[in-house]
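Peer 1: Given next are the chains, with one letter for each unit.
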Amino acid sequence: MINNTKTIIQLASEGKRLDNRGLLDYRQPIKIETSISKSAEGSAKVTIGDTVVLAGVKMSLEKPYSDSPNEGGIMVNAELIPLSSSEYEPGPPGIKAVELARVTDRGIRESHAIDFKKLCIEKGEKAWFVIIDIVPLNDAGNLFDAAGLAALAALKETRLRPIDEKTGAVDYKGTTDTPLPLLKETLSVTVGKVGNHLMVDPTVEEESSFSARLTVATDKTGTISALQKGGDEPMTIEEVGQIVDIALDKAKFLRSIMDECFKNKK
Amino acid sequence: MAYEKRLDGRKINETRPMEAKAGVIPNADGSAFFKIGATAAYAAVYGPKEMVPRFLQDPKEGQIRCHYNMLPFSGSGERIRPGNKRRSQEISMVLKAALKPVVDLTDFPNSVVDIHVEFPQTDAGSRCAAVCAASIALADAGIPMKDMISSIAVGQVDGTVVADLNYNEEAYDAIVSDIPVAMTNNSKQITLLQMDGEISKEDLMTSLEMAKEVCEEIYIVQKNALKDKYKLPEGFVAKKPKTNVEKSNDKVTEEKSKPETESSNEKSKEDKEKQ
Amino acid sequence: MSEILVENKTVVIPGEILAKGMDYLPGENTYREGEQIFSKSVGLTSISGRVIKVTSLSGPYKPKDGDKIICKVFDITLSGWRLKTNTAYNAMLNVKDATRRFVRKDEDLTKIIDVNDYIVAKVIRVTSQKLIDLSMNDPDLFKINGGRIIKINSQKVPRVIGKQGSMVSMIKKFTNCDITVGQNGLIFVRKRDNGNECLAEKAIKLVEKEAHIGGLTERVETFLKSETNQ
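Top line first, the protein sequences correspond to chains A, B and C. Quick note: the first sequence, position 57, residue 250 per our numbering, numbers continuous. Quick note: the second sequence, position 113, residue 115 per our numbering, numbers continuous. Quick note: the third sequence, position 81, residue 93 per our numbering, numbers continuous.
Rather than coming from a laboratory, the hints here were simulated on the basis of the structure. Errors might be hidden in some of the hints.
Stated by the list, open to error - Residues of chain A placed beyond 10 Å of chain B at every Cβ, according to the derived structure:
1) Leu-211
2) Pro-275
3) Ser-304
4) Asp-332
5) Asp-370
6) Thr-414
7) Gly-424
8) Glu-426
Said to hold, decoys possible - Simulated restraints on C-beta separations:
9) Val-433(A) <-> Asn-128(C): 23 to 33 Å
10) Lys-214(B) <-> Asp-425(A): 51 to 61 Å
11) Glu-47(C) <-> Leu-58(B): 37 to 47 Å
12) Asn-128(C) <-> Asn-170(B): 30 to 40 Å
To be verified - Examples of chain C residues toward chain A, derived with CB under 7 Å:
13) Leu-90
14) Arg-94
15) Lys-163
16) Thr-192
17) Cys-210
Remember, predicted model here, so these are calculated numbers, not experimental data. Glycine included, C-beta positions come from ideal geometry on N, C-alpha and C.
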């Protein structure tokens, strides 16, 4: 029930925030832990300040779509479970969960981050499909960026299951060393507009003070693979330019944390 | 009797390794993590809050509601499709019945306390883990409770009564029975009891006696989780003012250099978890 | 034979046995069953004479007559305002209790207090079903403007206030902020010239986190001194 909107807008106009962060600072700590679920083929838990998001990857064998018979596929699902915030109710995903899932999905799919051709086992008959489930454990704001990090970490950590030679089905008890054919690593950064000022990594209170926001998914080379504008107010072309600059810079920062996490693993 | 040695080498009344922590979800009024073997549960408690829809309100006392859910990637086989299934509905119901006898919400008429339990991974015994986690979370939320509830599955595998069956034992190729039990700590009264499989009356009684012993061990894990939350930081001596001031000084300097504090906090957290 | 089974000021959990025998009396957050007294809450034991009670370390706020609380308006009716109280129950503020001045029958109430405004008010009545009536007819009750609202566990409020208000006075002094502590766990902080709301918030959170550990005042003072370079 707390909502310090007026003060948030006032502070932003002075370049300040409630918790003394700069407008373009992420909360601390930022942590990426992997293998948080043994039953998933890949999983990760991402912490940004008080926000905690889990992502789990399950692999299944399916018939490829008829328009791409030699390719596997991906599906991203998000559930805003009531465990993570008093704001959420049990039941099927609402629009907020659907948006979170679709934005994360586009960031990965449209950048061609996964080599879907390599996931094909038998043309037109059988291919690996990647299903990523995203759930917050504690929603303290900025689920978009946390979900992007968690999804990528879980994909990077995924190892395929063996296929039972007799039945042709997935052997979920077995393990292999085969990783997913990841071609690119896309990450999303969300920038919000408070009054006339731009801000990253909002808390829930700050999010509700945003007049508009833009999520920008980019890969290592700076190529943009997905955009999503949210909020009720418009933004100018100049603002979009500024936001993309911020997003590229912050993606670099998040990427260094991701690299550090996987360097320690190896 | 064919089942003399357990598949994972445990003694017959030995549980899988347990781990518990209170206060893991900052948004919640109370929360807990409870892990037994490869079954891990997060529980969060929200409330007492206004019960909506209003026609469900009870003007005499507050109510509790439970929501049990396995995350889509938490099963040992294929992905579990999200959504309310008959299984999770039923478990939510028995979960509520297991906790209700100790919860006292007479001071909070017309209200509701929501208990949400989610599993990132499971390997049998999830409803028992849910009860254990929920009980810690309710206590952590400061909900008035007469007692703690502990829970374990016992049962018979090919003629041998064992505690805390894992998935491989539940699926053992012989006559097996799986009996989830929950009990109050002080009087050891049963608040949850289910069974599937086959068992003789004698073995059932032996199983329940075993559950009683094992619940005592689980209670200690739950109790420690709650007390650890309020444990003095390491090296912190509250009663001697001199050491106290020194310690506070250290603390303050740490907080000044922000990045360092975070990493050192991190470390101490990890250390705790290891312990 | 009666005996106390726990030390004074130790953490106990629900169902823990505190005392045996009929010579002791169950106080707050405890209950008797047969010969024994048990805890009903996670909290600190407090033994005074023959009474043993448990001071909760967490838990919901129970509204009481005379409590000063911070609430948020979510609706306006013909006769006044409906407010969220950070509990399971909403409160009502009647026009006659909101202001001493005359309010015309057709006056727009949003001009006095609008939806989403926060107020500091006093509980003047609580029924058995927890219907709560509020009043603002006191000089220290007001509509909140500017500053920030922070939330802590309501069970920690007495520690934030301190003995005779000593803790909150100290935080006010060091941070140069006005601070109003609501019994319902909401706290209003607003800086005066050169005040530091952020530091006040940090200090309050420190009190909340370490409320159960002795020597709190000294620790908070040391913290504030070093943060303000005094």
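Peer 1: Take the hints in turn and mark each one as holding or not.
Peer 2: Comparing the hints with the structure gives:
The Cβ of Leu-211(A) lies farther than 10 Å from every Cβ of chain B, with a closest approach of about 16 Å, so its non-interface assignment holds. Residue-level check failed: Pro-275(A) sits 5 Å from the nearest beta carbon of chain B, not beyond 10 Å. With a least CB separation of 23 Å from chain B, Ser-304(A) remains clear of the 10 Å interface cut-off, as annotated. Its beta-carbon lying about 7 Å from the closest one in chain B, Asp-332(A) breaks the requirement of being farther than 10 Å from that chain.
Listed as outside the interface, Asp-370(A) is consistent with that label: its C-beta sits roughly 20 Å from the nearest C-beta of chain B, beyond the 10 Å cut-off. No beta-carbon of chain B is positioned within 10 Å of the beta-carbon of Thr-414(A); the least distance is around 29 Å. Every beta carbon of chain B lies more than 10 Å from that of Gly-424(A), the smallest distance being close to 23 Å; the non-interface claim holds. With a least beta-carbon separation of about 27 Å from chain B, Glu-426(A) lies farther than 10 Å from that chain, consistent with its non-interface assignment.
A beta carbon spacing of about 31 Å between Val-433(A) and Asn-128(C) agrees with the range 23 to 33 Å that was offered as a hint. One distance hint, 51 to 61 Å for the beta-carbon pair Lys-214(B) and Asp-425(A), holds here, with the actual separation near 59 Å. For Glu-47(C) paired with Leu-58(B), a C-beta distance near 39 Å keeps the hint of 37 to 47 Å intact. For the pair Asn-128(C) and Asn-170(B), the supplied restraint of 30 to 40 Å is violated, since their beta-carbon distance comes to about 56 Å.
A least Cβ separation of about 24 Å between Leu-90(C) and chain A goes past the 7 Å threshold, and the interface hint is therefore violated. The restraint placing Arg-94(C) at the interface with chain A is violated, with a minimum CB-CB distance near 13 Å, outside the 7 Å limit. Below 7 Å, beta-carbon pairs count as interface contacts, and Lys-163(C) has one with chain A at about 6 Å; its hint therefore holds. For Thr-192(C), the interface hint is violated, since its Cβ never comes within 7 Å of a Cβ in chain A; the closest pair sits about 15 Å apart.
For Cys-210(C), the interface hint holds, since its Cβ comes within 7 Å of a Cβ in chain A; the closest pair sits about 5 Å apart.
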